[in-house]
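Peer 1: For reference, the chains in residue letters:
Protein chains: 2
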Amino acid sequence: MKVDGNIERFYQYSFPMQAVLVTCHDDEHNKTNVITVAWHTPISVDPPLYGISIAPKRYSHSIIEKSKEFVINFVPYHLVDKTHFCGTHSGRTVNKIKETELTLLSARRVKTPLIKECYAHLECKLFQSLKIGDHTFFVGQILSVEVDKELFKNDLLKIDKIQPLYYIGGNKYTTIDKTKKREF
Amino acid sequence: MKVDGNIERFYQYSFPMQAVLVTCHDDEHNKTNVITVAWHTPISVDPPLYGISIAPKRYSHSIIEKSKEFVINFVPYHLVDKTHFCGTHSGRTVNKIKETELTLLSARRVKTPLIKECYAHLECKLFQSLKIGDHTFFVGQILSVEVDKELFKNDLLKIDKIQPLYYIGGNKYTTIDKTKKREF
Chain A
23 MKVDGNIERF YQYSFPMQAV LVTCHDDEHN KTNVITVAWH TPISVDPPLY GISIAPKRYS
83 HSIIEKSKEF VINFVPYHLV DKTHFCGTHS GRTVNKIKET ELTLLSARRV KTPLIKECYA
143 HLECKLFQSL KIGDHTFFVG QILSVEVDKE LFKNDLLKID KIQPLYYIGG NKYTTIDKTK
203 KREF
Chain B
23 MKVDGNIERF YQYSFPMQAV LVTCHDDEHN KTNVITVAWH TPISVDPPLY GISIAPKRYS
83 HSIIEKSKEF VINFVPYHLV DKTHFCGTHS GRTVNKIKET ELTLLSARRV KTPLIKECYA
143 HLECKLFQSL KIGDHTFFVG QILSVEVDKE LFKNDLLKID KIQPLYYIGG NKYTTIDKTK
203 KREF
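Protein sequence lines, in the order shown, are assigned to chains A and B. Those letters in the first sequence? Residues 23 to 206, per my numbering, in order. Those letters in the second sequence? Residues 23 to 206, per my numbering, in order.
Okay, chain A solo, but in the shape it has when bound (with noise of 0.2 Å):
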């Protein structure tokens, strides 16, 4: 039987969500901020381009309004305390690479950084900013991939070897069950 859901906290139907680190870089104090996204998807091949949705309050707003430039980077399992540290903090009052040890790595086709531990990067330039409703869509336009050696072959992501972090609202976090796959 079906009953009403929470309109206002409609986003929990989506859990669990893939929780991604994004990377800006505010030149104008030189600083790295990484903050966690759980809402963010793909959104065209050709070009290719990357959506994720920003509150406007958040300090990774500005920056990238100015950098025009982010980085997505997957993140595994591993490093949900990390992870959940970036996503309760503001970069505003708290270095947050400082604080988590994570190890930045220089990007290839843009000036911010990527963060080492993670497994895949994006590398995006602003395509689009689209206020919508009351946050902002980033489009990114993806102009380089970089990925562990170790996972990736023939052009193909070794799924079984990542292990993704998901959040599950609050302050909960889980990941996939490899023991469960079904190929048709």
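Calculated from the structure, these hints are not laboratory results. Misleading hints may appear alongside valid ones.
Identical copies go unnamed one by one, so any copy, or any two together, can satisfy a pair.
To be verified - For lysine-lysine, the following DSS-like pairs were computed, each having C-alpha atoms within a straight-line distance of at most 27 Å: (1) Lys171 with Lys194; (2) Lys153 with Lys88; (3) Lys203 with Lys183; (4) Lys200 with Lys183; (5) Lys147 with Lys133; (6) Lys202 with Lys180; (7) Lys183 with Lys202.
Quick caveat: nothing in here was measured; it's all calculated off a predicted structure.
With chain A's structure known, arrange chain B on it following the hints.
Peer 2: Coordinates of chain B only, in the frame set by chain A:
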């Protein structure tokens, strides 16, 4: 060590991605269609908005452009066969509801029906239709949310009772590992 990823297949780095079933109703032919969508995300809290990215060639694309509404149905893992069918056939040539024997239920606020076998439903009217790259990003305003009675308590989804379906590329699907959970 980081190596070049495949920029043409950048979306594979988001795998596993939750697969949802989107229903829409073709008034002209009095036919409800259903499409499997992996590119989707919440967009805004107030107003409550949800975005889905659909290629213009899809039958559902032409329907939503006319009907200006759709329903997002969240899919349990045991519907993997039916969901794969809906993702690999076109409603132009096949009646997917009939072939999959999925059950339609009337929605409350839109004309498009829900899929009974799914566990949560977002009834959406079209808020914005954005051409972004080679896809259309349909942004729906959520008018009503309906969920299975046993999955919902005190305004919260019982996350431990759901086992959503995730797409991992090619013809492969998986689900969440309930034994792995981290709470802060």
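Peer 1: Next step is simple, just say for each hint if it's right about the structure.
Peer 2: These are the hints, each one checked on the structure:
In this homomeric assembly, Lys171 and Lys194 come within 27 Å of each other (Cα to Cα) only across copies, at 23 Å, whereas the closest approach inside a single copy is 30 Å. Within a single copy, Lys153 and Lys88 get their C-alpha atoms as close as 16 Å, and across copies as close as 24 Å, so both meet the 27 Å cut-off. Taking the shortest Cα distances, Lys203 and Lys183 sit within 27 Å of each other both inside one copy (14 Å) and across copies (19 Å). For the homomeric pair Lys200 and Lys183, the shortest alpha-carbon distances inside one copy (9 Å) and between copies (19 Å) are both at most 27 Å.
Taking the shortest Cα distances, Lys147 and Lys133 sit within 27 Å of each other inside one copy (10 Å), while across copies they are farther apart (40 Å). Taking the shortest Cα distances, Lys202 and Lys180 sit within 27 Å of each other both inside one copy (16 Å) and across copies (21 Å). Proximity of Lys183 and Lys202 under a CA criterion of 27 Å is satisfied in both settings, with 14 Å inside one chain copy and 16 Å between copies.
Of the numbered hints stated above, none is contradicted by the structure.
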